[in-house]
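Protein chains: 2
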Amino acid sequence: MLQDQDVLERRDERLEAMNFLNQISDDYPDAISFASGRPAESFFDLGRWIERVPAFAERHGSRAGLSVRHGFDSLAQYGRTNGLINDLISRQLMIDEGIRCAAEHIVVTAGCQEALDLLVPILCPSAGDVILACSPSYIGITGVAARHKTELLPFSRHGGRSIVASLTQTIEHARTHGKQARVLYLVPDFDNPTGAVLSLDERTSIIELCAEMGIIILEDNPYGMFCFEGTRLPTMFSLDRYGCVIYLGTYSKTICPALRVGFAALPPALCHADSNLSVLGKLSRAKSFVSVNTSQLAQAVVGALLLDAGCSLTRHVSPATGHYRGNRDCMLASLSSTFAYCGDQVSWNEPKGGFFLIVDLPFSFLRAQAMACARDHGVLVMPLSFFAFDDEHDNRIRLAFSNVTHDAIRDGVARLGRFVQTQLAAR
Amino acid sequence: MLQDQDVLERRDERLEAMNFLNQISDDYPDAISFASGRPAESFFDLGRWIERVPAFAERHGSRAGLSVRHGFDSLAQYGRTNGLINDLISRQLMIDEGIRCAAEHIVVTAGCQEALDLLVPILCPSAGDVILACSPSYIGITGVAARHKTELLPFSRHGGRSIVASLTQTIEHARTHGKQARVLYLVPDFDNPTGAVLSLDERTSIIELCAEMGIIILEDNPYGMFCFEGTRLPTMFSLDRYGCVIYLGTYSKTICPALRVGFAALPPALCHADSNLSVLGKLSRAKSFVSVNTSQLAQAVVGALLLDAGCSLTRHVSPATGHYRGNRDCMLASLSSTFAYCGDQVSWNEPKGGFFLIVDLPFSFLRAQAMACARDHGVLVMPLSFFAFDDEHDNRIRLAFSNVTHDAIRDGVARLGRFVQTQLAAR
Numbered sequence: 000m001l002q003d004q005d006v007l008e009r010r011d012e013r014l015e016a017m018n019f020l021n022q023i024s025d026d027y028p029d030a031i032s033f034a035s036g037r038p039a040e041s042f043f044d045l046g047r048w049i050e051r052v053p054a055f056a057e058r059h060g061s062r063a064g065l066s067v068r069h070g071f072d073s074l075a076q077y078g079r080t081n082g083l084i085n086d087l088i089s090r091q092l093m094i095d096e097g098i099r100c101a102a103e104h105i106v107v108t109a110g111c112q113e114a115l116d117l118l119v120p121i122l123c124p125s126a127g128d129v130i131l132a133c134s135p136s137y138i139g140i141t142g143v144a145a146r147h148k149t150e151l152l153p154f155s156r157h158g159g160r161s162i163v164a165s166l167t168q169t170i171e172h173a174r175t176h177g178k179q180a181r182v183l184y185l186v187p188d189f190d191n192p193t194g195a196v197l198s199l200d201e202r203t204s205i206i207e208l209c210a211e212m213g214i215i216i217l218e219d220n221p222y223g224m225f226c227f228e229g230t231r232l233p234t235m236f237s238l239d240r241y242g243c244v245i246y247l248g249t250y251s252k253t254i255c256p257a258l259r260v261g262f263a264a265l266p267p268a269l270c271h272a273d274s275n276l277s278v279l280g281k282l283s284r285a286k287s288f289v290s291v292n293t294s295q296l297a298q299a300v301v302g303a304l305l306l307d308a309g310c311s312l313t314r315h316v317s318p319a320t321g322h323y324r325g326n327r328d329c330m331l332a333s334l335s336s337t338f339a340y341c342g343d344q345v346s347w348n349e350p351k352g353g354f355f356l357i358v359d360l361p362f363s364f365l366r367a368q369a370m371a372c373a374r375d376h377g378v379l380v381m382p383l384s385f386f387a388f389d390d391e392h393d394n395r396i397r398l399a400f401s402n403v404t405h406d407a408i409r410d411g412v413a414r415l416g417r418f419v420q421t422q423l424a425a426r
Numbered sequence: 000m001l002q003d004q005d006v007l008e009r010r011d012e013r014l015e016a017m018n019f020l021n022q023i024s025d026d027y028p029d030a031i032s033f034a035s036g037r038p039a040e041s042f043f044d045l046g047r048w049i050e051r052v053p054a055f056a057e058r059h060g061s062r063a064g065l066s067v068r069h070g071f072d073s074l075a076q077y078g079r080t081n082g083l084i085n086d087l088i089s090r091q092l093m094i095d096e097g098i099r100c101a102a103e104h105i106v107v108t109a110g111c112q113e114a115l116d117l118l119v120p121i122l123c124p125s126a127g128d129v130i131l132a133c134s135p136s137y138i139g140i141t142g143v144a145a146r147h148k149t150e151l152l153p154f155s156r157h158g159g160r161s162i163v164a165s166l167t168q169t170i171e172h173a174r175t176h177g178k179q180a181r182v183l184y185l186v187p188d189f190d191n192p193t194g195a196v197l198s199l200d201e202r203t204s205i206i207e208l209c210a211e212m213g214i215i216i217l218e219d220n221p222y223g224m225f226c227f228e229g230t231r232l233p234t235m236f237s238l239d240r241y242g243c244v245i246y247l248g249t250y251s252k253t254i255c256p257a258l259r260v261g262f263a264a265l266p267p268a269l270c271h272a273d274s275n276l277s278v279l280g281k282l283s284r285a286k287s288f289v290s291v292n293t294s295q296l297a298q299a300v301v302g303a304l305l306l307d308a309g310c311s312l313t314r315h316v317s318p319a320t321g322h323y324r325g326n327r328d329c330m331l332a333s334l335s336s337t338f339a340y341c342g343d344q345v346s347w348n349e350p351k352g353g354f355f356l357i358v359d360l361p362f363s364f365l366r367a368q369a370m371a372c373a374r375d376h377g378v379l380v381m382p383l384s385f386f387a388f389d390d391e392h393d394n395r396i397r398l399a400f401s402n403v404t405h406d407a408i409r410d411g412v413a414r415l416g417r418f419v420q421t422q423l424a425a426r
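Going line by line, the protein sequences match chains R and S. Numbering that gives the first Met the number 0 applies: residue 0 is where the first sequence begins, and numbers increase by one. Numbering that gives the first Met the number 0 applies: residue 0 is where the second sequence begins, and numbers increase by one.
In isolation and in its complexed conformation, chain R is listed as follows:
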């Protein structure tokens, strides 16, 4: 168990992870980067996508009985707080994710990170309300929690114990310290940073537990559509019979990040008609005070693409998914050949989708090692300690394989191999 001071220092380190990433990218611009989980740019076609905006504006206008010119003007104006393309998102969720969610239970946000920032103070309004998050976890939830002075309590998703046992113990631990777990933040599919997937059993038992405990699950799913093999598991939102799961989606990975369009899809139980009481009403009100409404230009680009594609992005993401799969395979092969000599000393997981994998090393790999690795060997990786709440992940690193060429993967893994070799030799 870590001391409080360590916990705070680790939180500060997590909060600094983005700055660290930017800094080493600036300091070593020629280094090969496995550090940032950016989508592959070769599948962007923003120039062509924005050419479809006029067609969307026409549809938008004609639905409101406006001329083409007035349709465009109304698109350029302030718009509905909850969004413009909710009907298209609702249909896409049905087709691509098997999710039934009415258009009016969706709030379009400036990236799904905004949805997190809006929901946390709504779901954790009182002192002592805490968020449960996996250790390691996506850095964004740490930042939002810190901004709203809401405590994050970590639980382990890995290791020997079941995730439900680990969660139950954490909830109990909170209660005995006068705290109330209100929110569980999860990335069930191809997790960032670990690439892991929650099993069907885990999904259903977590839902049962949270429904019983009155905890709202925030299911963040940026990577689910990038599944390399096997069948996708149902989302927790679609499994939920209690109304305790809010689904967070984003078009940053499936279309492109520059749009900053994401959304929160709420279960009917959180959408009572009285907007003063329901989570939907509070979310909408908070949104109106933070970003008023999500850029209607950006929503129009997403809307046009969804309309052109019959409200499914499955075909749209298929080439990118093939690319990510190929990159994963290349990285796994490179790791195998580079670390063959190490035996069990260096190991890694084999994610079935997403952007990331994890390498276990026989020594601590923290900020200093990441700097040395970049400076001396020209490869950037993210220490898992940046995502972790304790020291159990100090020997692990995250490699992003999403936005690199095969040559860069082979070269970069070889460079990492040389860094590891010098570290092992020095011991």
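Careful, some of the hints might be misleading.
To be clear about the criterion: a stretch of chain S counts as covered by chain R if any three or more of its residues have a C-beta under 8 Å from a C-beta of chain R, and this derived list gives those stretches [what the hints assert, rightly or not]:
1. 70-79
2. 250-259
3. 290-303
Far from chain S by the CB rule (all over 10 Å, computed), these chain R residues [to be verified]:
4. S73
5. R231
6. L232
7. S277
8. A308
Everything labelled a hint here was simulated from the structure, so no lab data went into it. Cβ coordinates follow ideal geometry from the N, Cα and C atoms, glycine included.
With chain R's structure known, arrange chain S on it following the hints.
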């Protein structure tokens, strides 16, 4: 003095103002609306503006040594947290506002409302830290304060006393109650809701007072460029020699709202190199956890327009300014003829710019009267009580003249006249 319960109810009423506005607009779609301060749509040209995005992408790429295609891809990718077009904004601030602010002291935000939401918890980190805001005040600051559980203390900008005397008393009042005023929120130019302008003397003495008291001024300036007559006064940012003014700008009114592009410009004193300590560093970090970066597509539209216009929007807004001036004149003339019979019973101000004017009535005009006026006479107006912290403005209404035709202005004021007549007759 109002009781605490009244203060809370009034805060809730302010928070509900947006919902109220949407609701009566939905309920009475054929009513003439003086309620919402939207920019005039006839000056939008979003279809043509987005055609300039490729040229901006090319410039963006060539500065980074990229091909046209890769320039576009990099635009579509995640980008700098603090923004992409800071250099262009910095030049525009110099040309259009006489503001010297280095590009690296600017943070581009998803509308300037996001800047408010990011800055309030940074500037008011402790319990007892309070925000000073004028009564009446723009509703957005109320929402942000409520979201971050930060108290708003109102002061009067109108009435007999000087604004500095009123501010000094409020600061003193806070201190004697164990509270510390940290932020002063102000719209010095063509205020929403009142249309009022702070004099040069008021600007300088408020700056002196705040510098002495360690209070940061948030100068929100959405309407400054729409000046109908006379010379514009210098912004408080440009008058500030102490580093106590943060300038908030937006392109929602000068270009169009659908972009959601605004910014915060900080004085050097708030931009120390150590990003953990400076307001700039904290702002950037908070931004990275809320919206990651402002939509680069939306920034590209603004950037292209600024480039094409030599980084000045003065010519661009000139036709719109003429339109707003004509609308104000039409509204003043309509008020004069409609209420000629009332003598001093009904009066109004004559704003020198912006979107709004205020009418003083000889009876209370609250939510119920606004509903009745919409239902029975087909005209929507905003009670000033929605913007006020006490009951001193219960007899006043805000009329927005920005997005209506002259015919609608004449007809709408006549309708308002009939409502006033029935109210007077009933007394």
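Against the structure, the hints:
1. 70-79: Result for this restraint: holds, n = 8.
2. 250-259: holds (count 6)
3. 290-303: With 9 residues in contact (Cβ-Cβ under 8 Å with chain R), the coverage given for the segment 290-303 of chain S holds.
4. S73: Since the minimum Cβ distance to chain S is about 7 Å, S73(R) lies within 10 Å and the statement is violated.
5. R231: Holds: least Cβ distance 25 Å, greater than 10 Å.
6. L232: 27 Å, holds
7. S277: 13 Å, holds
8. A308: 18 Å, holds
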